[in-house]
Every structure is written in structure tokens, then in C-alpha cells.
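Visitor: Each chain, letter by letter, is given below.
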Amino acid sequence: MSEHVLDAKGLNCPLPILKAKKMLKSVPKGEILVVYATDPGSVADFAAFCNQTGNELVESSQDGDVYVFKIKHTADA
Amino acid sequence: MTESNGAETAINPKSLSIIVTKGSLDWAYPPFILATTAAALDYEVTLFFTFYGLQLVKKKLDPKFTVLGNAAMEMPMFGTHIAMPNFMAMIPGVDAIAGAMMKKMIKEKGVASLEELREAAILSDVRMIACQMTVDLFEYKREDLIDEIELGGAATYFEVASKCHINMFI
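Line order of the protein sequences matches chains D and H. Taken in order, the first sequence gives residues 1 to 77; the numbers are from this note's numbering. Taken in order, the second sequence gives residues 78 to 247; the numbers are from this note's numbering.
Check each hint, because a few of them may be wrong.
Unchecked claim - Sample of chain D residues at the chain H side, in silico, Cβ under 10 Å:
| id | residue |
| --- | --- |
| 1 | 14 |
| 2 | 21 |
| 3 | 38 |
As the list claims (entries may be wrong) - Okay, the calculated bits of chain D under chain H, using three or more residues with CB under 8 Å as the criterion:
| id | segment |
| --- | --- |
| 4 | 4 to 12 |
| 5 | 45 to 57 |
The set of hints was computed from the structure by calculation and includes no laboratory data. Since the structure is predicted, the reported quantities are computational estimates derived from the model, not experimental observations. Note that beta-carbon positions come from the ideal geometry of N, C-alpha and C, so glycine has one too.
The following block holds chain D by itself, in its conformation from the complex (with noise of 0.2 Å):
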């Protein structure tokens, strides 16, 4: 399995999401997308994305400035 890492640091809304968006798009189901984000709003945003789209938050952490997210793959679209 390989690893899916999404870069969008410094980048602000609705980038980060959008990206992601995109990005999953090429993740194969079940799998997991590590999205790397600076944008504080990012937070609050990643868990209304995947409420929304129906994939799942597996991890919503922090890392000095940078905020970690881990989506696994499980919606259809």
C-alpha cells in the first residue's frame, strides 16, 4: 500500500480542500490520505469534509504549527 501525502501547507481556504478533494480522487478505497495543512480553519473544515463526502477522519492532530490529517478512503464518489 502506498502512501497518499497531500502537501498543503501555506496554502488557505478553500484550497486545502480542494486538493484533497481532487486528491482522493486517485486514493483507491480504504485507503489513507495524509493531508498536511497550516491553515488553522483547517481544522473545523476537514471534519465537515468528511461528514459531507462520507469518507472517514482517522486522525485530526497538531504538530508544532502543522495540523495532520488522516482520511481514510470509504466514500463511493
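We have chain D already, so just place chain H on it with the hints.
Guide: Okay, now just chain H, sitting in the frame of chain D:
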């Protein structure tokens, strides 16, 4: 599903329409941010461009900025916030400078450019309709507008809006 007049009234809970009436640099952002984000959340999205909103679907995307009549606008400068009084807009070049400052700020803060957002909207199948009446009123030609745009009128808008769960006016 309720049928009142024989028309199809099924509403998709994940659908959004926005009437876009403004075409300045600052006001161009809300409709494109909301439309692209909604599309990323699997919403069916329609933008209806009318009056000055048509600026945002011209092939050459170059919305202008003015400090005039915006009492709430202040720029972060010299560690504080500087308001732009109305009379400043009378001075030739002030609006252009303020617009350039705004674009610089947008870039530095990692905010998407309008071109990027519009491209993302097109790629995520956001439906875009230009109001035929205002296209004629301002004498725009079909070829002035991006290829992805459809032309339609108020009736077209209502046909869309009546099936949308969220309808906005910006």
C-alpha cells in the same frame, strides 16, 4: 415529494445555487469559494451571473477594486490597520494601487487566485449560467464569455433554484 402544479419538485439536499451580482475583486471571492467548496462536498452547484457578476465569466478575468463607499475596508499596514477614506478614490491611481495591494496580500497569505478558483469550478462541473438580458444590456458578445457558460433568463434560474436546497444571492 409534493406535487402542486405538476412540476418536478424533488429537492436534492446537496444542491446550491448562487445569484452572482457583483464583479469587483473582493466580491468575486465569496461565490467562487462557496461554489468550489460545495462541489468538493459533492453538491450540485449552479451559479447564475447577472449585472456586474458577468465580469467574472468574461474570458479575460480582471476584476477591479475600489476603496469608494466601503466604510468597513481597512488594509493591514505598518503593524496596524489603515482605513481608506472615500476622497482617496478621487486621486488617480489610488484604486489601482489598492487593488494591487489586495492581490499581493492574497498571494502572500496563500489564498487562491480568482483564476484558480474559476478553473476549479469549471473542472468540478459547476453549472454556470449568464443572464441573457444583462449580457444584451451591457452589449457583451457570447465570445467575450468563457466557453463553459450557458445563457438563460430568470425562468431558467427559477427552474434551477426550485430544485436547490440552498439558494443564495451575492
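Visitor: The structure should be examined with respect to each hint, and the outcome stated for every one.
Guide: Verification of the supplied hints:
1. 14: For residue 14/D, the interface hint holds, since the closest Cβ of chain H sits about 4 Å away, which is under 10 Å.
2. 21: holds (4 Å)
3. 38: Where the cut-off is 10 Å and the nearest Cβ of chain H is about 8 Å from residue 38/D, the hint holds.
4. 4 to 12: Since 3 is at least three, the answer is holds.
5. 45 to 57: Holds: 4 residues of the segment 45 to 57 of chain D have a Cβ under 8 Å from chain H.
Hint compliance for this structure: every hint is met.
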